[in-house]
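Colleague: First residue of the sequence shown: 1, per the numbering used here; consecutive thereafter.
What the hints contain is simulated information worked out from the structure, not anything from laboratory work. Backbone N, C-alpha and C define an ideal beta-carbon position, used for all residues, glycine too. Be aware that a few hints might be false.
Estimated spans, in silico, between C-beta atoms of each pair [as the list claims (entries may be wrong)]:
1. 4 x 38: 14 to 22 Å
2. 1 x 47: 27 to 35 Å
3. 8 x 44: 14 to 22 Å
4. 45 x 11: 16 to 24 Å
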Amino acid sequence: MIIALYLVLCILSGYWGRNTFAGPVGFFLIGLFCTPIVSLLILLLAQMRQPQQESEDD
Numbered sequence: 001m002i003i004a005l006y007l008v009l010c011i012l013s014g015y016w017g018r019n020t021f022a023g024p025v026g027f028f029l030i031g032l033f034c035t036p037i038v039s040l041l042i043l044l045l046a047q048m049r050q051p052q053q054e055s056e057d058d
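With the hints as extra help, turn the sequences into a complete structure.
Modeller: What follows is the structure in structure tokens.
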């Protein structure tokens with residue numbers, strides 16, 4: 001039961017990281033080898049560091 005929960009959290013972290021620098025497979029592997037909590041923290045930090053895109057007026 002705990003292993004299934006661990007894998008579900010790894011899959012969720014991969015899904016949430018699909019538009020980041022590591023991609024879904026990268027965040028899945030980070031969650032698998034470290035912990036899903038670590039991969040989710042990395043994901044949150046990566047999203048916080050992305051610069052806001054400025055709109056240009058023509």
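Colleague: Next, verify each hint and record whether it holds.
Modeller: Evaluation of the provided hints:
no., hint, verdict
1, 4 x 38: 14 to 22 Å, "holds (19 Å)"
2, 1 x 47: 27 to 35 Å, "holds (31 Å)"
3, 8 x 44: 14 to 22 Å, "holds (19 Å)"
4, 45 x 11: 16 to 24 Å, "holds (20 Å)"
The earlier numbered hints are all upheld by this structure, with none contradicted.
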